[in-house]
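Chains as they are written, first to last, in the working numbering: chain A, 3 to 370; chain B, 267 to 520; chain C, 2 to 374.
To be clear, the hints were calculated from the coordinates, so they are not data collected in a lab.
Among the clues, some could well be false.
Stated by the list, open to error - Far from chain A, some chain C residues (derived; all Cβ distances over 12 angstroms): (1) N12; (2) L16; (3) W69; (4) F111; (5) A219; (6) Y254.
Unchecked claim - Below, computed lysine-lysine pairings styled on DSS-like, alpha-carbon distance capped at 27 angstroms: (7) K108/A / K256/C; (8) K365/C / K167/A; (9) K338/B / K298/B; (10) K324/B / K96/C; (11) K83/A / K174/C; (12) K256/C / K86/A; (13) K354/A / K284/A; (14) K185/C / K343/B; (15) K324/B / K388/B; (16) K450/B / K393/B; (17) K388/B / K256/C; (18) K331/A / K338/B; (19) K491/B / K443/B; (20) K280/C / K278/A; (21) K287/A / K324/B; (22) K344/C / K86/A; (23) K335/A / K324/B; (24) K338/B / K174/C; (25) K96/C / K164/A; (26) K284/A / K496/B; (27) K174/C / K393/B; (28) K362/C / K344/C; (29) K231/C / K83/A; (30) K344/C / K226/A; (31) K388/B / K280/C; (32) K324/B / K331/A; (33) K83/A / K280/C; (34) K362/C / K324/B; (35) K174/C / K343/B; (36) K310/A / K388/B.
Each residue gets a CB set at the ideal place from its N, CA and C atoms; glycine is no exception.
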Amino acid sequence: MPELEIIVIAIILVQACILPGVFLVLRGMSLMSDAISHASLLGIVIAFFYARSLDSPLLIISAGLTGLVTVMITEWLISTKRLKEDAAIGLVFPLFFSIGVILISKYMGSIHIDSDCVLFGEIAFTPFERLNMFSYDLGPVALWIMSFILIVNSSLTFIFYKELKISTFDKSLAHALGFSPILIHYGLMIMTSITAVGAFESVGSILVVALMITPPATAFLLTKRLSRMIIVSSIVGILSVLIGYLGAFALDVSISGAIVSCSGLLFLITLFFSPKSGLIIKVIKFNENKLTFSTRMLLVQLLDHEGKSNEILENTISNMITHMNWPEKFAKKVAKFAVQKNYILRSGNDLKLTNFGREVAKHTLQWT
Amino acid sequence: MIENKALITVNDLTVAYKEKPVLWDIDVEIPKGVLLSVVGPNGAGKTTLIKAMLGLIKPAAGTVSFFGQNYKRVRKKIAYIPQRNSVDWDFPTTVIDVVLMGRYGHLGWFSRPGVTDYELAKKALEKVGMEDFFDRQINQLSGGQQQRIFLARALVQDAEIYFMDEPFVGVDIATEKAIVNLLKLLRSDGKTVIVVHHDLQTLKEYFDWVLLLNVRKIACGPVKKVLTPKNLQLTYGGRTFNIGKDVALNLDLD
Amino acid sequence: MHDVISSLFLNYTFLIVIIGTSIIGSVAGSLGVFAVLRRQSLLGDCIAHAALPGICIAFLISVSKQSWTLLAGAIVAGVIGALLLHLIQEYSELKRDAALGIILSVFFGFGLVLLTYIQSQEISEQSGLNVYLFGNAATLLRNDIYVMGSLGIVVILFLILFWKEFKVVSFDKDFASTLGFPQKRIDFFITFLTVISIVVGLQAVGVVLMSALIIAPAVAARQWTDQLYKMVMLSALFGILSSVSGVIISSLYEKMPTGPVIVIMVSIIVVISLFFAPKRGIFVSYIRHINQKLTIHSDRVLLNLYQFSEVQKDPTFAHDITVLDFVGEGSTLSILNKLKNKKLVYNPRNGYWGLSIKGVKYVKNLLKETKNA
Numbered sequence: 003m004p005e006l007e008i009i010v011i012a013i014i015l016v017q018a019c020i021l022p023g024v025f026l027v028l029r030g031m032s033l034m035s036d037a038i039s040h041a042s043l044l045g046i047v048i049a050f051f052y053a054r055s056l057d058s059p060l061l062i063i064s065a066g067l068t069g070l071v072t073v074m075i076t077e078w079l080i081s082t083k084r085l086k087e088d089a090a091i092g093l094v095f096p097l098f099f100s101i102g103v104i105l106i107s108k109y110m111g112s113i114h115i116d117s118d119c120v121l122f123g124e125i126a127f128t129p130f131e132r133l134n135m136f137s138y139d140l141g142p143v144a145l146w147i148m149s150f151i152l153i154v155n156s157s158l159t160f161i162f163y164k165e166l167k168i169s170t171f172d173k174s175l176a177h178a179l180g181f182s183p184i185l186i187h188y189g190l191m192i193m194t195s196i197t198a199v200g201a202f203e204s205v206g207s208i209l210v211v212a213l214m215i216t217p218p219a220t221a222f223l224l225t226k227r228l229s230r231m232i233i234v235s236s237i238v239g240i241l242s243v244l245i246g247y248l249g250a251f252a253l254d255v256s257i258s259g260a261i262v263s264c265s266g267l268l269f270l271i272t273l274f275f276s277p278k279s280g281l282i283i284k285v286i287k288f289n290e291n292k293l294t295f296s297t298r299m300l301l302v303q304l305l306d307h308e309g310k311s312n313e314i315l316e317n318t319i320s321n322m323i324t325h326m327n328w329p330e331k332f333a334k335k336v337a338k339f340a341v342q343k344n345y346i347l348r349s350g351n352d353l354k355l356t357n358f359g360r361e362v363a364k365h366t367l368q369w370t
Numbered sequence: 267m268i269e270n271k272a273l274i275t276v277n278d279l280t281v282a283y284k285e286k287p288v289l290w291d292i293d294v295e296i297p298k299g300v301l302l303s304v305v306g307p308n309g310a311g312k313t314t315l316i317k318a319m320l321g322l323i324k325p326a327a328g329t330v331s332f333f334g335q336n337y338k339r340v341r342k343k344i345a346y347i348p349q350r351n352s353v354d355w356d357f358p359t360t361v362i363d364v365v366l367m368g369r370y371g372h373l374g375w376f377s378r379p380g381v382t383d384y385e386l387a388k389k390a391l392e393k394v395g396m397e398d399f400f401d402r403q404i405n406q407l408s409g410g411q412q413q414r415i416f417l418a419r420a421l422v423q424d425a426e427i428y429f430m431d432e433p434f435v436g437v438d439i440a441t442e443k444a445i446v447n448l449l450k451l452l453r454s455d456g457k458t459v460i461v462v463h464h465d466l467q468t469l470k471e472y473f474d475w476v477l478l479l480n481v482r483k484i485a486c487g488p489v490k491k492v493l494t495p496k497n498l499q500l501t502y503g504g505r506t507f508n509i510g511k512d513v514a515l516n517l518d519l520d
Numbered sequence: 002m003h004d005v006i007s008s009l010f011l012n013y014t015f016l017i018v019i020i021g022t023s024i025i026g027s028v029a030g031s032l033g034v035f036a037v038l039r040r041q042s043l044l045g046d047c048i049a050h051a052a053l054p055g056i057c058i059a060f061l062i063s064v065s066k067q068s069w070t071l072l073a074g075a076i077v078a079g080v081i082g083a084l085l086l087h088l089i090q091e092y093s094e095l096k097r098d099a100a101l102g103i104i105l106s107v108f109f110g111f112g113l114v115l116l117t118y119i120q121s122q123e124i125s126e127q128s129g130l131n132v133y134l135f136g137n138a139a140t141l142l143r144n145d146i147y148v149m150g151s152l153g154i155v156v157i158l159f160l161i162l163f164w165k166e167f168k169v170v171s172f173d174k175d176f177a178s179t180l181g182f183p184q185k186r187i188d189f190f191i192t193f194l195t196v197i198s199i200v201v202g203l204q205a206v207g208v209v210l211m212s213a214l215i216i217a218p219a220v221a222a223r224q225w226t227d228q229l230y231k232m233v234m235l236s237a238l239f240g241i242l243s244s245v246s247g248v249i250i251s252s253l254y255e256k257m258p259t260g261p262v263i264v265i266m267v268s269i270i271v272v273i274s275l276f277f278a279p280k281r282g283i284f285v286s287y288i289r290h291i292n293q294k295l296t297i298h299s300d301r302v303l304l305n306l307y308q309f310s311e312v313q314k315d316p317t318f319a320h321d322i323t324v325l326d327f328v329g330e331g332s333t334l335s336i337l338n339k340l341k342n343k344k345l346v347y348n349p350r351n352g353y354w355g356l357s358i359k360g361v362k363y364v365k366n367l368l369k370e371t372k373n374a
């Protein structure tokens with residue numbers, strides 16, 4: 003069943019992508035996935051010239067190397083100090099990609115690439131023709147490639163888990179412990195290249211970037227623990243595939259596009275509604291905290307002036323408005339809250355601490 | 267009739283940043299014509315205080331007034347010298363260009379610096395001893411030279427009040443002396459200068475007033491009066507100020 | 002070749018394409034300077050990808066391939082992308098790179114969904130949308146030029162009008178704020194103008210390569226000058242040069258898509274600038290460094306000659322080269338030959354070398370200078 007094949011391939015692809023993706027996001031190198039997957043086109047084309055076939059392993063090796071070369075050139079550029087990091091990244095991969103595109107147009111125009119739109123990746127604006135590519139002889143190839151990559155990525159992650167974890171979170175510790183963070187870094191780049199290319203061949207480079215970054219980013223919003231982040235990314239990825247595919251099927255649109263859009267949607271939902279750090283929650287908490295914080299300030303103010311000659315002048319709502327520079331509505335809100343909490347008693351404009359309020363005020367001012 | 271109005275008044279200034287109060291209930295009155303240093307341990311809120319006073323950070327509460335008025339009304343009379351590392355020194359601009367930026371406030375929108383502005387900029391560079399460097403690219407300057415052109419940029423604003431954030435960090439001795447001389451010159455011109463400073467040893471020598479800060483105001487006044495061992499203990503003595511553990515403030519959506 | 006080129010230029014369509022790409026190159030080059038200086042280089046890549054759904058939606062709503070509508074859609078999508086970017090960066094723990102990557106890929110993926118939807122609807126003229134993916138300057142029409150030209154002029158006008166505001170906000174935003182400038186709004190306005198320049202360029206260069214056109218001319222220009230206004234003008238010039246040459250070359254040869262050729266041209270300019278620009282050029286610095294080393298080395302040889310001569314009471318005494326070799330740091334003979342050419346040493350007989358009068362003066366000067374330093 004071609005549909006099932008697509009879903010399975012996509013899920014495996016997602017799992018393969020999030021493994022380098024999690025580390026890219028944590029290391030602040032998300033855009034390397036974009037750069038590498040675009041630049042590797044050149045590697046694929048060059049390898050294709052030799053191999054004359056799209057299924058040769060030479061392609062993946064070549065593309066992996068191109069990705070590595072891209073990173074090395076980018077880093078060299080940065081080291082010359084003539085330009086900054088983001089500029090260096092944005093210079094190298096378009097050049098490689100352009101060379102690749104020109105080579106394809108010039109020398110491979112005769113080859114019927116349309117149906118093997120694999121090389122064009124996102125430029126394949128006929129992705130629904132992809133369905134044809136997942137005919138029985140091609141489908142399993144993608145399946146095999148991605149499964150292989152998944153196994154490799156998983157093994158590497160498992161074997162080097164400790165090293166990856168430490169070098170991501172604490173480079174100097176990694177040095178001190180004796181393994182080279184640089185090796186891990188380049189290893190990660192190679193993993194990214196190979197994954198990008200394997201996926202690129204199947205479903206296009208844009209899906210690769212999205213899947214490498216978006217589920218891990220979503221997971222990052224939910225947890226900061228590495229192991230959990232990987233698991234959550236995994237789940238988010240699978241959900242994106244399932245829901246995305248259903249959507250694509252229903253609307254008859256690009257499958258990769260739908261999966262990506264779905265991952266984006268999940269990201270947005272998490273961004274806004276995540277219970278711990280979602281934006282909505284933040285707004286609510288912010289207002290809550292502002293109220294609590296301001297109430298404490300009010301109590302401390304009242305305590306400060308209590309028993310002094312100007313108490314009657316100072317401990318009033320109107321004074322809160324002028325002295326603390328609070329808008330009237332807010333000052334009244336704070337006063338109301340304080341009364342509710344039994345911190346103060348209010349008669350008209352005057353405010354007076356209750357015993358409880360006094361204790362809270364004193365507690366607030368404590369030196370530890 | 268004795269006019270005892272302070273030039274700068276800070277009332278109940280409170281600033282919080284991501285779950286921590288950085289400044290709490292600051293009350294300060296700064297008279298005209300003093301050289302005031304703001305000192306305190308790291309994280310005491312010194313830079314935050316300056317930025318809150320200049321409207322760069324929104325306080326949770328409190329007011330600041332200059333000449334009895336809101337900052338926005340009198341900003342032309344106030345000059346700001348930020349920390350040196352707040353700027354990318356590889357930016358393609360020359361020394362004179364940076365100093366000219368100090369005139370932008372007077373120029374307003376749409377006008378370009380004219381001959382008078384250039385003259386003022388050159389004079390300011392002379393005051394800091396950098397007149398020969400006027401067309402130099404700023405990334406060719408040493409730390410001390412960078413600090414000097416920042417000063418020149420402030421001088422050219424012809425302000426009454428000057429705020430400086432850690433001007434003595436990482437500068438050579440010659441520059442340090444030059445800056446101190448400049449500060450004293452400003453004071454004799456009747457200007458008021460507020461400097462975030464990190465070095466207690468030079469405090470007495472360079473400044474008349476000091477504000478000891480550690481989230482709360484510990485003390486503020488003439489150095490001789492205020493710089494007591496007790497106050498220093500309170501400021502630096504390894505004590506932290508607890509606003510109450512259950513008040514977690516998450517003000518990152520300001 | 003000459004005939005070919007001149008006949009090209011007489012070709013009306015070709016002229017249109019040249020003008021169009023010049024506009025794109027100059028606008029992208031100018032605004033690119035600010036993007037690069039503000040560390041927003043990759044905004045180009047991001048917004049270019051984010052524009053796709055905007056273009057598709059604009060097309061769906063208006064069912065036309067009118068430049069204005071499609072560009073408007075692209076700009077709206079670009080602005081939304083920029084706003085979301087800001088949101089993610091400021092209010093979540095994610096950093097800029099992740100935000101850029103998400104916006105880039107998700108928006109584009111969504112655009113792909115819309116694109117395939119459009120194709121499945123079999124609306125006519127939808128093939129023109131491919132231009133935005135890949136870039137084909139050859140398809141530019143006169144109307145397109147009017148649209149691009151007007152937008153381009155507007156962008157440049159704003160740049161000139163608000164020049165000092167852009168400059169001070171990009172250099173020192175806190176200081177700008179204290180001067181009374183609405184820093185955040187100006188900042189957003191610069192981003193907005195950058196979005197427009199990116200979107201305008203999509204037609205010629207296509208989505209993937211837009212980032213190069215924003216970044217490369219600016220990086221190249223930076224190597225040649227230390228002044229902002231010169232950098233902007235130079236960047237615009239490089240943008241125009243690479244666009245025009247890219248168009249010419251791709252029309253001269255078969256099967257050469259314009260976008261990639263333009264990128265190659267601008268990359269060549271960048272490489273030349275990075276290596277050979279006076280003062281900053283990598284190659285230039287290297288030569289300077291070597292020269293310095295050589296001077297130090299040859300100064301050493303002269304000093305040795307002088308010091309040996311002190312025993313002889315005649316500073317121009319000629320010494321056996323083996324002695325000089327012994328105390329030297331190598332390649333003494335070649336240095337001596339060079340010094341001989343400069344008339345600082347003389348060679349009375351084979352294997353013997355001494356300071357000339359000029360050489361003596363030089364060494365005395367050198368010693369005086371080192372004393373004063």
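Legend entry - Straight-line alpha-carbon gap K174/C to K393/B, limit 27 angstroms: 25 angstroms, holds
Inset, instruction - Starting from K388/B, check that the Cα of K256/C is at most 27 angstroms away, please. - result: 58 angstroms, violated
Legend entry - Given pair status - K86/A, K344/C, alpha carbons within 27 angstroms: Violated: K344/C and K86/A sit about 46 angstroms apart, past 27 angstroms.
Legend entry - Satisfaction of hint between K226/A and K344/C, Cα-Cα up to 27 angstroms: 72 angstroms, violated
Inset, instruction - Starting from K335/A, check that the Cα of K324/B is at most 27 angstroms away, please. - result: 20 angstroms, holds
Inset, instruction - Quickly compare the C-alpha distance for K354/A and K284/A to 27 angstroms and report which way the hint goes. - result: 32 angstroms, violated
Legend entry - Pair hint outcome, K362/C versus K344/C [Cα-Cα no greater than 27 angstroms]: At roughly 12 angstroms apart (the allowed maximum being 27 angstroms), K344/C and K362/C satisfy the hint.
Legend entry - Holds or violated: K96/C to K164/A, with C-alpha atoms at most 27 angstroms apart: 24 angstroms, holds
Legend entry - Hinted pair K491/B and K443/B, Cα distance within 27 angstroms: With Cα atoms ~25 angstroms apart, K491/B and K443/B stay inside 27 angstroms; holds.
Legend entry - Given as non-interface: A219/C, partner chain A, CB spacing beyond 12 angstroms: 8 angstroms, violated
Inset, instruction - Beyond 12 angstroms from every chain A Cβ: check whether that's true for L16/C. - result: 24 angstroms, holds
Legend entry - Pair hint K331/A and K338/B, alpha-carbon separation not exceeding 27 angstroms: Status holds; Cα separation ~24 angstroms.
Violated hints, listed in ascending order, are 4, 5, 6, 8, 12, 13, 15, 17, 20, 22, 26, 30, 34, 36; each of the other numbered hints is respected by the structure.
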